[in-house]
Amino acid sequence: MFQAIGLTKSWRRGRPPALLDLSFDAREGQVTVLLGAEGSGRTTALRLALGLDRGQGVALFDGRPYRRIRRPEREVGAVLGDPGRHTGHPGREARGHLRMVAAAVGVPARRADQLLEQTRLAPAAGHRLRTFSPGMSRRLALAEALLGDPGTLLLDEPTHGLSPKNTEWFHAFLRAFAAGGGTVLATVRDPREAAALADRVVTLDGGRLMADQAKADFVGSRLRDEVSVRGPQVGRLADLLTESGAQVRREGGAGIAVVGASRTQIGELAYRHGILLHELADRAAGSGAGSSSGPGVAPAPVAVPQSSSAGASALPPPSAAPAQPGETVVVLTPGSAVSASVPVPTADTATRSRVPAGLASVSGPLYRDEPPASDQRSE
Amino acid sequence: MHALTYERRRLTGIRSTWLVLAAVLLADAAVAALTVRQPSLADPVRVLTAGVPLLPLPIAALGAGVVGALSYGHEVRYPVLQPLLLPVRRRLGLLLAKLLVSAVYSVLLVAATLAVDAGVYAVVLHRPPTPAPALVGFAALAVTAGWIGLLAAALLRSAAAGVLVLLTLPVLVEPTVRLLRDGSLTGDRLRAAHWHRLFPVDTGHAWLSGPLSGLHSTASLSPRGLLLLAAGPVLLLLLGYLAVLPRRRGV
Numbered sequence: 000m001f002q003a004i005g006l007t008k009s010w011r012r013g014r015p016p017a018l019l020d021l022s023f024d025a026r027e028g029q030v031t032v033l034l035g036a037e038g039s040g041r042t043t044a045l046r047l048a049l050g051l052d053r054g055q056g057v058a059l060f061d062g063r064p065y066r067r068i069r070r071p072e073r074e075v076g077a078v079l080g081d082p083g084r085h086t087g088h089p090g091r092e093a094r095g096h097l098r099m100v101a102a103a104v105g106v107p108a109r110r111a112d113q114l115l116e117q118t119r120l121a122p123a124a125g126h127r128l129r130t131f132s133p134g135m136s137r138r139l140a141l142a143e144a145l146l147g148d149p150g151t152l153l154l155d156e157p158t159h160g161l162s163p164k165n166t167e168w169f170h171a172f173l174r175a176f177a178a179g180g181g182t183v184l185a186t187v188r189d190p191r192e193a194a195a196l197a198d199r200v201v202t203l204d205g206g207r208l209m210a211d212q213a214k215a216d217f218v219g220s221r222l223r224d225e226v227s228v229r230g231p232q233v234g235r236l237a238d239l240l241t242e243s244g245a246q247v248r249r250e251g252g253a254g255i256a257v258v259g260a261s262r263t264q265i266g267e268l269a270y271r272h273g274i275l276l277h278e279l280a281d282r283a284a285g286s287g288a289g290s291s292s293g294p295g296v297a298p299a300p301v302a303v304p305q306s307s308s309a310g311a312s313a314l315p316p317p318s319a320a321p322a323q324p325g326e327t328v329v330v331l332t333p334g335s336a337v338s339a340s341v342p343v344p345t346a347d348t349a350t351r352s353r354v355p356a357g358l359a360s361v362s363g364p365l366y367r368d369e370p371p372a373s374d375q376r377s378e
Numbered sequence: 000m001h002a003l004t005y006e007r008r009r010l011t012g013i014r015s016t017w018l019v020l021a022a023v024l025l026a027d028a029a030v031a032a033l034t035v036r037q038p039s040l041a042d043p044v045r046v047l048t049a050g051v052p053l054l055p056l057p058i059a060a061l062g063a064g065v066v067g068a069l070s071y072g073h074e075v076r077y078p079v080l081q082p083l084l085l086p087v088r089r090r091l092g093l094l095l096a097k098l099l100v101s102a103v104y105s106v107l108l109v110a111a112t113l114a115v116d117a118g119v120y121a122v123v124l125h126r127p128p129t130p131a132p133a134l135v136g137f138a139a140l141a142v143t144a145g146w147i148g149l150l151a152a153a154l155l156r157s158a159a160a161g162v163l164v165l166l167t168l169p170v171l172v173e174p175t176v177r178l179l180r181d182g183s184l185t186g187d188r189l190r191a192a193h194w195h196r197l198f199p200v201d202t203g204h205a206w207l208s209g210p211l212s213g214l215h216s217t218a219s220l221s222p223r224g225l226l227l228l229a230a231g232p233v234l235l236l237l238l239g240y241l242a243v244l245p246r247r248r249g250v
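So the protein sequences, as listed, match chains C and S.
Once you know that position 316 of the first sequence is 315 in numbering that gives the first Met the number 0, the rest is easy, because the numbers rise by one and skip nothing.
Once you know that position 23 of the second sequence is 22 in numbering that gives the first Met the number 0, the rest is easy, because the numbers rise by one and skip nothing.
Pulled out of the complex, with its shape left as it was, chain C reads as follows (with noise of 0.2 angstroms):
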């Protein structure tokens, strides 16, 4: 069990604190992640709970601090460092390397040359660390933090630029060392990777506690359904789509990623433009995937429409009646989809980051509503 007690990093002047009274549990049997951007101080986190910086505040293995424990070796396993590269010297060869931290933490050769088995590594015991890929050296870096058969394992970044098989390796090793008994703390950048990971998800954002989620809670409010749509001018309609309020990530050349509009969305826009589409399919975030609800709800990365795009401030409306907030103005002309809303000035974040404003005002209520832009359409 591993408790972080308003662990707090600052520096001297000036600067935002990299860390500010992070408190959180990581328990037995459970896989922990810590969960943020570069810069979001999941690395201070794990510095500060090891002792390898000052700051404020406490951190507990099974009730005593780092420090404190006798033989820290036994009890808790730390993967810290550059990841892709390993720390050793780069001219030693693997196996003398993890003999040589064997003997520093006081276990026998042997395990050293069991732990190289374990980790996959026994055909490239005999080369040199230079030698190692990333996943390679991760995963050296993990048979060293398991020298001493520990209880708890803390990783910085395990699998980040690794390959999917090396992270699949990864997540599934650290699955069983938890559910071995064991408690595992990991830190992750990737909202999908921490749910795909964790039991438990502590997001941090800028130093801060920002969330404290179970798995199902975490998929539930942080991750939605994706939308995949391939197709020869997919580019366009990432275009379209970013104007309207969703979020778009590339997959390739001739695919991309949709958030936060649904499939039929999607396809409507896609006709009204006459984009050739060849797959649209709906992708699942989680298991726990679909309620919207839950306390504690991290802000989703979710672009918020501007208030005018630059269409509707080209054409303005005909009828000059000033939009009143929350009204949705639409104006379409024919070959370009174009939508302005104007937001409701509100303080509920939450709220707003999961609806898509923008892309409801193109596809919903705008045939119903507004017949002239229909007729202006067929012209």
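Because the hints were derived from the structure by calculation, they are not lab data.
Keep in mind that this is a model prediction, so the values were computed, not measured.
A virtual CB, placed ideally from N, CA and C, is assigned to each residue, including glycine.
The hints are all genuine.
With the Cβ distance kept under 8 angstroms, some of the chain S side facing chain C (calculated, not the full set):
(1) His1
(2) Arg8
(3) Arg9
(4) Gly12
(5) Ile13
(6) Arg14
(7) His73
(8) Tyr77
(9) Val79
(10) Leu80
(11) Gln81
(12) Leu83
(13) Arg248
(14) Gly249
So, partial list: chain S residues that the calculated Cβ filter (under 7 angstroms) puts toward chain C:
(15) Met0
(16) Thr4
(17) Tyr5
(18) Pro78
(19) Pro82
(20) Leu85
Given chain C's structure and the hints, the job is docking chain S onto it.
What follows is chain S alone, placed relative to chain C:
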């Protein structure tokens, strides 16, 4: 934590340890082969230690110092044991293990040097060299050099800094000792004319290693004086390291 085993595996697992050994032995053999042919220079002690007047220390002592400095420099540069070395007692234990292993390496280096040079001497002159008690001092000098390199690297957290300190110390110490012995800096005999001796450029190079490497020295030192002279920097560096030890996190 088995610090001695760790340090032994660390030292034998990297290439620089063996490269330094090979380079020192090669240079020693070359110098010995050059000096043994000239009757005026063919003093057995000088041939065996392969003293070079240009260097502030014998070659073997320099090699021991480089390996000692790298020993701690690697811990800083490749922080593999980062969370393990947080407790102060562990860092102390690791330092003691490093000092011990460095001493063993230095002694072995000296033994190999003497063996190689004795071989050169025997081959060229067809008679074995007579061992002299100064050779024990030679081994002590190599061990001390290794420790100075190691402790300076530990204090300054860099192998290069450790080697630099090792190279600078004799250059600074030797003129100072000479001035003190002359009495130039004490009492009424303080004379400005003697200050030029502080600059090692003009006067004959007579370094700390003079009496040991068979070179002619202006400041003749007894073995006891040399021992004190060498132990001084070691103790100073050790005290400095102990002072910063609790303030550092990790190595």
